[in-house]
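Enquirer: What follows is each chain in one-letter form.
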Amino acid sequence: DQQVKQNSPSLSVQEGRISILNCDYTNSMFDYFLWYKKYPAEGPTFLISISSIKDKNEDGRFTVFLNKSAKHLSLHIVPSQPGDSAVYFCAASVSGAQKLVFGQGTRLTINP
Amino acid sequence: DSGVTQTPKHLITATGQRVTLRCSPRSGDLSVYWYQQSLDQGLQFLIQYYNGEERAKGNILERFSAQQFPDLHSELNLSSLELGDSALYFCASSPRGGGGAKNIQYFGAGTRLSVL
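Chains as they are written, first to last, in the numbering used here: chain Y, 1 to 112; chain H, 1 to 116.
Hints were generated in silico from the structure; no laboratory data involved. Be aware that a few hints might be false.
Below, in silico cross-link-like pairs of lysine to aspartate or glutamate (EDC-like), each with a Cα-Cα straight-line distance of 20 Å or less [as the list claims (entries may be wrong)]:
| # | chain 1 | residue 1 | chain 2 | residue 2 |
| --- | --- | --- | --- | --- |
| 1 | Y | K56 | Y | D24 |
| 2 | Y | K68 | Y | D24 |
| 3 | H | K9 | Y | E42 |
| 4 | H | K57 | H | E75 |
| 5 | Y | K5 | H | D40 |
| 6 | Y | K68 | Y | E58 |
Some chain Y residues well away from chain H (every beta-carbon gap over 12 Å; in silico) [claimed, not checked]:
| # | residue |
| --- | --- |
| 7 | E58 |
| 8 | G60 |
| 9 | F65 |
| 10 | N67 |
| 11 | H72 |
| 12 | S74 |
| 13 | V78 |
| 14 | T109 |
Here chain Y is said to cover these stretches of chain H; the calculated rule only asks that three of the stretch's residues, wherever they fall, bring their Cβ under 8 Å from a Cβ of chain Y [claimed, not checked]:
| # | segment |
| --- | --- |
| 15 | 35-42 |
| 16 | 54-67 |
The model shown is predicted, which means the values in this text are computed figures rather than measured ones. Positions of the beta carbon are idealized from the N, C-alpha and C atoms, including for glycine.
Using the sequences provided together with the hints, build the complete structure.
Expert: Next up, the structure:
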């Protein structure tokens, strides 16, 4: 049972435009959500997170939106830069629980 | 650099063998987590240790075991290896045992295991 789903395996965006990565979840107990970025031959790197008491969190070029009623979150990157090319994973957890449940990842390619 | 160190980076072995993967957490972190990433899949949680004690368990096979030592480094032991065990194994660490904003997990670069 895939509790966290990233339905787009890949996404291609032009440099300078907005990149929007999507993630859906099924477990209504999830109350903390994270995005990780992964380059080849490296481990996932924490990018940004959001608690379920918020619907938006912003950090520089990165903004995460949470729609609890739709059980959907998205990551917006604007403007997109070539260095943003990587695989992006969304992850979710239940408050106080230790494990992260990951989506399958979306490979983002930023074209010059 | 996340501060989490995993060794070895690559491991090639045969079916039926036993291997040990090692993880040194970030300085000061008490929790260590192990995840498995099979080809084109998300990371699957295996097990967590907090200050030497097992804290949470995921879908870890009985052939796999882990421990955390007094110096807080951790080892993941995989035995009776099968072809399907070929994967990336990631270790993560965090300051405490719970979830949420104050306990972000930071990942090592992983160990790529190939079972031939």
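Enquirer: Now tell me, hint by hint, if it's right for this structure.
Expert: Against the structure, the hints come out as follows:
1. Y:K56 with Y:D24: holds (16 Å)
2. Y:K68 with Y:D24: holds (10 Å)
3. H:K9 with Y:E42: holds (10 Å)
4. H:K57 with H:E75: holds (15 Å)
5. Y:K5 with H:D40: holds (13 Å)
6. Y:K68 with Y:E58: holds (17 Å)
7. E58: holds (15 Å)
8. G60: Holds, because the least Cβ-Cβ distance between G60 (chain Y) and chain H comes to about 17 Å, which exceeds 12 Å.
9. F65: holds (17 Å)
10. N67: Non-interface label on N67 (chain Y) holds, nearest chain H Cβ at 20 Å vs cutoff 12 Å.
11. H72: holds (17 Å)
12. S74: holds (17 Å)
13. V78: Given a closest Cβ separation of 23 Å, the condition holds.
14. T109: holds (16 Å)
15. 35-42: Contact hint for the segment 35-42 of chain H vs chain Y: holds, 4 residues under 8 Å.
16. 54-67: As far as the segment 54-67 of chain H goes, the hint holds, because 3 residues have Cβ atoms under 8 Å from chain Y.
Consistency note: the structure conflicts with none of the earlier hints.
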